[in-house]
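Asks: Construct the complete structure from the given sequences, taking the supplied hints into account.
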Amino acid sequence: MRVMVLVKADKDSEAGTLPDEKILTEMGQFNEELVKAGVMLAGEGLQPSSKGARVRFSGAKRTVIDGPFTEAKELIAGYWLWQVKSMDEAIEWLKRAPFDQTEVELRQVFETEDFGPAMTPELREQEERLRAQSEQLSKAANL
Amino acid sequence: MRFMLLMIPGGYESAAPGTLPDAKAVAAMMKYNESLQRAGVLLALDGLHPPSMGARVSFAGGKPKVSDGPFSEAKEVVGGYWMIQVRSKEEAIEWAKRCPGSDNEVIEVRQVQEFADFPPDVQEAAAGFSELQAQSGQLKGS
Numbered sequence: 047m048r049v050m051v052l053v054k055a056d057k058d059s060e061a062g063t064l065p066d067e068k069i070l071t072e073m074g075q076f077n078e079e080l081v082k083a084g085v086m087l088a089g090e091g092l093q094p095s096s097k098g099a100r101v102r103f104s105g106a107k108r109t110v111i112d113g114p115f116t117e118a119k120e121l122i123a124g125y126w127l128w129q130v131k132s133m134d135e136a137i138e139w140l141k142r143a144p145f146d147q148t149e150v151e152l153r154q155v156f157e158t159e160d161f162g163p164a165m166t167p168e169l170r171e172q173e174e175r176l177r178a179q180s181e182q183l184s185k186a187a188n189l
Numbered sequence: 006m007r008f009m010l011l012m013i014p015g016g017y018e019s020a021a022p023g024t025l026p027d028a029k030a031v032a033a034m035m036k037y038n039e040s041l042q043r044a045g046v047l048l049a050l051d052g053l054h055p056p057s058m059g060a061r062v063s064f065a066g067g068k069p070k071v072s073d074g075p076f077s078e079a080k081e082v083v084g085g086y087w088m089i090q091v092r093s094k095e096e097a098i099e100w101a102k103r104c105p106g107s108d109n110e111v112i113e114v115r116q117v118q119e120f121a122d123f124p125p126d127v128q129e130a131a132a133g134f135s136e137l138q139a140q141s142g143q144l145k146g147s
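Protein sequences appear in the order of chains X and A.
For the first sequence, this note's numbering begins at 47 and goes up steadily by one.
For the second sequence, this note's numbering begins at 6 and goes up steadily by one.
Simulated from the structure, these hints should not be mistaken for lab results.
Quantities reported herein were computed from a predicted structural model and do not represent experimental measurements.
One or more of the hints may lead you astray.
As the list claims (entries may be wrong) - Result set (DMTMM-like, lysine to aspartate or glutamate): computed pairs, CA atoms no more than 25 angstroms apart in a straight line:
#, chain 1, residue 1, chain 2, residue 2
1, A, Lys-70, X, Glu-159
2, A, Lys-94, A, Asp-51
3, X, Lys-141, X, Glu-90
4, A, Lys-29, X, Glu-173
5, X, Lys-97, A, Glu-119
6, X, Lys-97, A, Glu-96
7, X, Lys-141, X, Glu-120
8, X, Lys-82, A, Asp-51
9, X, Lys-68, X, Glu-157
10, X, Lys-185, X, Glu-174
11, A, Lys-94, X, Asp-112
12, X, Lys-107, A, Glu-119
13, A, Lys-68, X, Glu-120
14, X, Lys-54, A, Asp-122
15, A, Lys-29, X, Glu-168
16, X, Lys-97, X, Glu-174
17, A, Lys-36, A, Glu-99
18, A, Lys-94, A, Asp-73
19, A, Lys-70, X, Asp-146
20, A, Lys-70, X, Glu-60
21, X, Lys-119, A, Asp-108
Replies: In structure tokens form, the structure reads like this:
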């Protein structure tokens, strides 16, 4: 199963404070272990919400609000995508992360089968094709 | 530039385990996903099961503490995401606007940190990160 690991923002990440060498080294070692164990699927850091925006939907109307989102208590600063056998395994891995004070949320990722009958055979084929094509583009973008 | 489009569906913070989107919503969203792919901007996408099927770990004082979902204090939660590659924030926002979102939904548009965004000393300390990304990318394909 796949688990998305959402690292919550804090004052430092929202201020654009860059991680120091010690944290980068420790995180690098942790990421290395995740890759070696075959757990790491993806991982990225996000720029602070001051560089972002939100789009609200109301019928056909779209309202754009520029960041930062100071009232939002649940901002994300980064994420990983992990391949694991269970949520417990993901939790065990996360406990080893070199965090101090950070809040992290773990969420199960929808697999195609999880959608049930709403995901018709045609939609399933389309979904698989989209994933294969976007993975190609993603690999090219990482080079 | 890469942007993450985070779907924040109102009410999802209290969704029961096994909550599924209905067929019409799935079909409409798949049309949108297809348009992202045809335009050559779609890098990745995923839906997330509700927080009632998840967990949180807090690291106060460096000691991990686990709590099972749902999380009563959470007023908004992520329901899914798209990762897109575009030329500007404005272009990312335009794509977000085209999503067939419902009235209780918000999409947050966030720029992804690229290695080159960091100053030279930070890049040096993080050396090897792009190799890690490439390795994990290969893993995904297997």
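Asks: Are the hints correct? Go through all of them and say.
Replies: Hint-by-hint comparison with the structure:
1. A:Lys-70 x X:Glu-159: Judged against 25 angstroms, a Cα distance of about 32 angstroms means the pair is violated.
2. A:Lys-94 x A:Asp-51: 21 angstroms, holds
3. X:Lys-141 x X:Glu-90: Roughly 19 angstroms between the alpha carbons, so the hint for X:Lys-141 and X:Glu-90 holds.
4. A:Lys-29 x X:Glu-173: With Cα atoms ~15 angstroms apart, A:Lys-29 and X:Glu-173 stay inside 25 angstroms; holds.
5. X:Lys-97 x A:Glu-119: Distance ~14 angstroms between X:Lys-97 and A:Glu-119 Cα, so the pair holds.
6. X:Lys-97 x A:Glu-96: Satisfied, since the Cα-Cα distance of roughly 14 angstroms is no more than 25 angstroms.
7. X:Lys-141 x X:Glu-120: 20 angstroms, holds
8. X:Lys-82 x A:Asp-51: 24 angstroms, holds
9. X:Lys-68 x X:Glu-157: 37 angstroms, violated
10. X:Lys-185 x X:Glu-174: 17 angstroms, holds
11. A:Lys-94 x X:Asp-112: 11 angstroms, holds
12. X:Lys-107 x A:Glu-119: Violated, at roughly 32 angstroms.
13. A:Lys-68 x X:Glu-120: Holds. A:Lys-68 to X:Glu-120 sits at ~21 angstroms (cutoff 25 angstroms).
14. X:Lys-54 x A:Asp-122: 20 angstroms, holds
15. A:Lys-29 x X:Glu-168: Holds, at roughly 14 angstroms.
16. X:Lys-97 x X:Glu-174: Given that 25 angstroms is the threshold and the Cα spacing comes to 32 angstroms, the pair is violated.
17. A:Lys-36 x A:Glu-99: Holds, at roughly 16 angstroms.
18. A:Lys-94 x A:Asp-73: Distance of about 35 angstroms is beyond 25 angstroms: violated.
19. A:Lys-70 x X:Asp-146: The given pair, whose Cα atoms are some 12 angstroms apart, holds under the 25 angstroms limit.
20. A:Lys-70 x X:Glu-60: 23 angstroms, holds
21. X:Lys-119 x A:Asp-108: 21 angstroms, holds
Hints 1, 9, 12, 16, 18, counting from the list given before, are not met by this structure.
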